[in-house]
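Chemist: As a plain string of letters, each chain reads:
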Amino acid sequence: MTFADKRMRVLALHAGLVLVLFALQFLLPDYDHTNFTSIMVLATYAMGYNILVGYTGLLSLGHAMFFAAGLYGAGMGVYYFALHPVLAFVIGSAAGLILAALIGLIALRTTGVAFMIVTMMFAQAAFLVTLYFNDVTHGDEGLTLTQAARGFELLGWHIDLTNPTLRYNLALSLFTGALVLCLALVRSPIGRVLVAIRENEERTRMLGYDARHYKLLALSLSGLLSGAAGAAYVLFFGYVGSSFAAIQYSIYPLLWVLLGGVGTVVGPVIGTLLMFYLIEISRDHTSSYMIVVGVMLVLLVLWFPKGIAGTVRARWWGWIP
Amino acid sequence: MTFLSTQALTRSFGGIHAVAGIDLDLRQGEIRAIIGPNGAGKTTFVSMISGRVDPSSGAILFEGEDITALRPWDRVLRGIVYTFQITSVFRNLSCFDNVALSVQRSLSKGRAIWYRPDPEAVRAAVDDALQRVGLLTRSAELAGELSYGHQRLLEVAMGLALQPKLLILDEPTQGLSEQEIADFCRLVKEIAASATILLIEHNMDVVMELAHRITVMNNGTLLAEGSPDEIMANLDVQRAYLGT
Chain R
608 MTFADKRMRV LALHAGLVLV LFALQFLLPD YDHTNFTSIM VLATYAMGYN
658 ILVGYTGLLS LGHAMFFAAG LYGAGMGVYY FALHPVLAFV IGSAAGLILA
708 ALIGLIALRT TGVAFMIVTM MFAQAAFLVT LYFNDVTHGD EGLTLTQAAR
758 GFELLGWHID LTNPTLRYNL ALSLFTGALV LCLALVRSPI GRVLVAIREN
808 EERTRMLGYD ARHYKLLALS LSGLLSGAAG AAYVLFFGYV GSSFAAIQYS
858 IYPLLWVLLG GVGTVVGPVI GTLLMFYLIE ISRDHTSSYM IVVGVMLVLL
908 VLWFPKGIAG TVRARWWGWI P
Chain P
2 MTFLSTQALT RSFGGIHAVA GIDLDLRQGE IRAIIGPNGA GKTTFVSMIS
52 GRVDPSSGAI LFEGEDITAL RPWDRVLRGI VYTFQITSVF RNLSCFDNVA
102 LSVQRSLSKG RAIWYRPDPE AVRAAVDDAL QRVGLLTRSA ELAGELSYGH
152 QRLLEVAMGL ALQPKLLILD EPTQGLSEQE IADFCRLVKE IAASATILLI
202 EHNMDVVMEL AHRITVMNNG TLLAEGSPDE IMANLDVQRA YLGT
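Order-wise, the sequence lines are chains R and P. Converting from the first sequence to my numbering requires adding 607 to each position, the first position being numbered 1. Converting from the second sequence to my numbering requires adding 1 to each position, the first position being numbered 1.
Accuracy of the hints is not assured; some may be wrong.
Stated by the list, open to error - As a list, the in silico DMTMM-like pairs of lysine to aspartate or glutamate whose alpha-carbon atoms are at most 25 angstroms apart: (1) P/K110 x P/E64; (2) R/K613 x P/E121; (3) R/K613 x P/D129; (4) P/K110 x R/E809; (5) P/K110 x P/E66; (6) R/K913 x P/D98; (7) R/K913 x P/E146; (8) P/K110 x R/D817; (9) R/K913 x P/E142; (10) P/K166 x R/D817; (11) P/K110 x R/E808; (12) R/K613 x P/E142; (13) P/K110 x P/D55; (14) P/K166 x R/E808.
These are computed hints drawn from the structure, not numbers from a lab.
Kindly produce the complete structure, drawing on both the sequences and the hints.
Modeler: Printed below as a string of structure tokens:
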């Protein structure tokens with residue numbers, strides 16, 4: 608297969624995915640329509656996570672802090688300072704980016720299990736901070752944004768973020784933006800170096816690369832996408848509480864990415880979609896639905912480490928990025 | 002000005018001196034072989050030159066500048082390239098991508114991290130390096146699926162693509178067949194036209210064919226140095242290493 612062929616296929620697959628998601632809004636019942644809005648936002652979070660774990664080989668157990676940075680950055684901005692939602696989104700995304708860069712300066716001194724532990728400790732500290740400053744964050748009870756606060760005027764149009772159709776398409780835009788960013792990244796020279804670091808960091812250093820810079824860049828981009836997803840989530844659904852900063856929001860992206868296919872661009876959205884509905888369905892039958900999450904995690908790690916897209920790539924479509 | 006010189010270069014692990022005060026001078030353009038029994042400290046010595054291992058004491062001068070404190074990736078950019086003793090190509094990447102990592106590094110020297118070298122230039126340089134080692138037809142294959150001999154050649158292609166001034170080859174012919182060794186020697190002579198070569202090698206036929214000068218190490222120290230004929234005639238060397 609030539610380079611041009613491969614590029615066409617990659618383009619067709621990802622553009623096709625976006626088109627399918629666009630078309631689905633006309634077919635889905637109301638309930639699933641809202642679910643898909645969530646899924647696209649959460650898939651953005653998963654893609655951000657995947658840049659780090661899938662392409663750079665650094666397994667973080669603390670991404671909830673970057674997601675929460677976006678949620679709180681945007682949510683508190685709107686709640687306390689009545690910020691314009693677009694500005695709040697930018698602030699939330701920036702909060703994810705900056706927090707990730709700062710945490711990276713410390714956590715990236717470690718690798719492997721130590722990196723998992725350090726990121727988890729930082730995320731737990733962040734979670735406790737959201738509880739400790741209860742006066743500001745209202746802890747578990749959280750902050751609810753009013754419909755009025757989530758609307759704004761743009762070129763004479765009134766944009767209301769509580770409108771399901773608008774929300775769906777904004778979520779799709781966010782998702783598409785993240786997809787394009789990830790594709791551009793993994794197909795760029797930087798992406799090639801990130802994969803090289805994942806495969807063999809010492810060898811990469813001996814090819815003249817300062818791996819620390821690349822890892823910090825990967826973590827920062829990962830934090831940016833996580834923060835953007837968090838900011839979008841609070842603006843679309845109008846609520847932020849401490850539970851979003853808790854450990855399960857660090858585990859979820861790991862699960863989504865593992866199920867969909869670690870180190871693939873389309874994997875995170877597939878994993879997010881399936882896992883979202885799996886949890887929804889099990890929630891109908893039992894209150895201890897987290898056990899489903901645990902069992903899935905064990906099953907995936909033991910018997911399906913490549914995930915869906917990873918298996919498809921290994922067996923049939925070697926060209927999937 | 003000496004091309005490369007080490008001054009009393011020493012590395013200790015606990016109480017053991019793996020390398021104990023080696024002074025070595027390398028002229029530009031020569032092929033220098035380092036020989037010596039297992040455990041003589043050869044790999045540790047060249048690892049200090051490439052920056053993989055920090056010296057306990059001593060200094061390294063490259064093109065007149067002290068590079069002792071320079072990190073390995075900065076040494077690569079100055080032209081010191083190391084190929085691994087144990088093949089360490091990126092097994093899950095194609096041959097093309099393996100070499101492209103080197104090419105894009107040498108094409109983006111001194112540029113920002115997001116600098117994107119011209120993809121056509123990258124492709125041309127990758128093809129050129131693969132052509133030189135005879136792997137061009139295997140460009141799309143995964144490195145991990147190549148035979149061992151081909152992986153060694155890929156490793157050399159990765160080194161070549163970094164446009165080295167000093168190429169350090171650590172036991173490059175280990176595990177190769179007779180025919181592959183003959184091809185390899187031809188390749189090294191070709192490379193020597195544009196780079197200085199430091200070769201750690203056990204196969205004495207290869208050493209005799211390639212080396213302009215030979216350095217013999219034993220127990221972390223420098224036992225002898227000279228032309229291949231001088232070394233063959235040296236009684237100390239025969240006792241320590243050649244076993245006759």
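Chemist: Going through the earlier hints one by one, which of them does the structure break, listed in rising order?
Modeler: Nothing - there is no hint that the structure violates, so all of them hold.
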